[in-house]
Amino acid sequence: MKALSAKTRDRLLYMISPLLFLALWQLLLMAGLGDRRFIPAPTDIAVRFWQLVLSGELAMHTGVTLLRVFGGFFIGAIPGVACGLLMAMFRPVRFMIDPLIAALFPIPKIALMPLLLLAFGFGDASKIALVAIAVFFPVCVNTYVGAANIPYPDRDPVLNQAHRQLQGHYSVFQGTALRSISWKIAEVISPRIPMVTIPTNMMSTCSSSHEFQIR
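Numbering (the numbering used here), first residue to last: 1489 to 1703.
Where hints are given, some of them may not hold.
Straight-line alpha carbon distances no greater than 25 Å define the calculated SDA-like cross-link-like pairs of lysine to any residue that follow [what the hints assert, rightly or not]:
id: 1; residue 1: Lys1597; residue 2: Phe1558
id: 2; residue 1: Lys1597; residue 2: Leu1555
id: 3; residue 1: Lys1597; residue 2: Leu1574
id: 4; residue 1: Lys1597; residue 2: Val1557
id: 5; residue 1: Lys1597; residue 2: His1549
id: 6; residue 1: Lys1495; residue 2: Trp1513
id: 7; residue 1: Lys1495; residue 2: Leu1515
id: 8; residue 1: Lys1597; residue 2: Pro1626
id: 9; residue 1: Lys1597; residue 2: Ala1613
id: 10; residue 1: Lys1597; residue 2: Phe1608
id: 11; residue 1: Lys1597; residue 2: Asp1612
id: 12; residue 1: Lys1597; residue 2: Pro1587
id: 13; residue 1: Lys1597; residue 2: Val1552
Derived Cβ-Cβ restraints for the label pairs, each shown as a range [what the hints assert, rightly or not]:
id: 14; residue 1: Ile1566; residue 2: Leu1507; range: 18 to 24 Å
id: 15; residue 1: Leu1588; residue 2: Ile1504; range: 25 to 31 Å
id: 16; residue 1: Phe1537; residue 2: Ile1585; range: 30 to 36 Å
id: 17; residue 1: Leu1507; residue 2: Ile1585; range: 37 to 43 Å
id: 18; residue 1: Leu1510; residue 2: Ile1585; range: 46 to 52 Å
id: 19; residue 1: Thr1553; residue 2: Pro1596; range: 17 to 23 Å
id: 20; residue 1: Met1584; residue 2: Leu1510; range: 49 to 55 Å
id: 21; residue 1: Leu1501; residue 2: Val1552; range: 34 to 40 Å
id: 22; residue 1: Ile1598; residue 2: Leu1501; range: 33 to 39 Å
id: 23; residue 1: Val1552; residue 2: Ala1590; range: 30 to 36 Å
id: 24; residue 1: Ile1566; residue 2: Leu1592; range: 16 to 22 Å
id: 25; residue 1: Ile1585; residue 2: Gly1520; range: 54 to 60 Å
id: 26; residue 1: Pro1596; residue 2: Ala1519; range: 36 to 42 Å
id: 27; residue 1: Val1581; residue 2: Ala1547; range: 31 to 37 Å
Read the hints as simulated data drawn from the structure, not as lab findings.
We treat Cβ as the ideally placed atom computed from N, Cα and C, and that holds for glycine.
Please put together the full structure from these sequences, using the hints given.
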């Protein structure tokens, strides 16, 4: 019983700071400190959220966003995994691709949005392409790191005899290597998806309302 009460107390303490922040936010706006047209109060956000739920507009836009996210993720992740595995298994491939990864990986992917808009327009293609580019590089790098950590006896069939390559390719996907690749990809990708989906959705909103123009 004491363990349960301690856990409950910890959860309540964990929620205090967000609730205090929301209450302070609401009180400051109610006192007139701030323009509610640009900084809506938490109650205004809650009312608008409920209206979007009832009208079905929120579900529609959520579905479109998920379509862009999953489409871009698979388009970027599949070649990223293949590229990372090839880099881990074959030294010539690693030496050929590594300079390109090192040069292009540090570039903020959102900076490519103007070029993608010019190439693919304001439709879904440019948003999916941005998500795919943002996913490809971390997936490739972390797949290489995970596959390169396979013990040498497991990689020996891949690196030596050609007639045993199929067995070596299978060993890449099993055991510790697969878990390492999966965890590393999830750890790196999870914070990157919102960083590209939020700006692209804002860009889509501006283009649909004709407020964003290229002159």
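Note whether the CB distance of Ile1585 and Gly1520 lies within 54 to 60 Å or breaks it.
58 Å, holds
Verify the CB-CB distance for Leu1507 and Ile1585 against the hinted window 37 to 43 Å.
The hint (37 to 43 Å, Cβ to Cβ) is violated, given that Leu1507 and Ile1585 are roughly 49 Å apart.
Proposed proximity, Pro1587 with Lys1597 (alpha carbon, max 25 Å)
With a Cα-Cα distance of about 18 Å, the restraint between Lys1597 and Pro1587 holds, given a limit of 25 Å.
Lys1597 and Ala1613: Cα distance at most 25 Å?
Holds, at roughly 15 Å.
With the threshold set at 25 Å, check whether the alpha-carbon distance from Lys1597 to Asp1612 stays at or below it.
17 Å, holds
Take a quick look at whether Lys1597 and Phe1558 sit within 25 Å of each other, Cα to Cα.
Status holds; Cα separation ~17 Å.
Range first: 25 to 31 Å. Now tell me if the beta carbons of Leu1588 and Ile1504 are that far apart.
49 Å, violated
Pairwise beta carbon distance, Leu1510 to Ile1585, judged against the given window 46 to 52 Å:
Once the Cβ atoms are compared, 48 Å apart, the range 46 to 52 Å for Ile1585 and Leu1510 holds.
Lys1597 and Leu1574 were given as a pair; does the straight-line alpha-carbon distance stay at or below 25 Å?
With a Cα-Cα distance of about 24 Å, the restraint between Lys1597 and Leu1574 holds, given a limit of 25 Å.
Take the C-beta atom of Met1584 and the C-beta atom of Leu1510, compute their distance, and say whether it sits inside 49 to 55 Å.
53 Å, holds
Is Lys1495 within 25 Å of Trp1513, Cα to Cα?
28 Å, violated
Verify the proposed pairing of Lys1597 with Pro1626, using a straight-line Cα cut of 25 Å.
With Cα atoms ~12 Å apart, Lys1597 and Pro1626 stay inside 25 Å; holds.
Of the numbered hints listed earlier, those contradicted by the structure are 6, 7, 14, 15, 16, 17 and 27.
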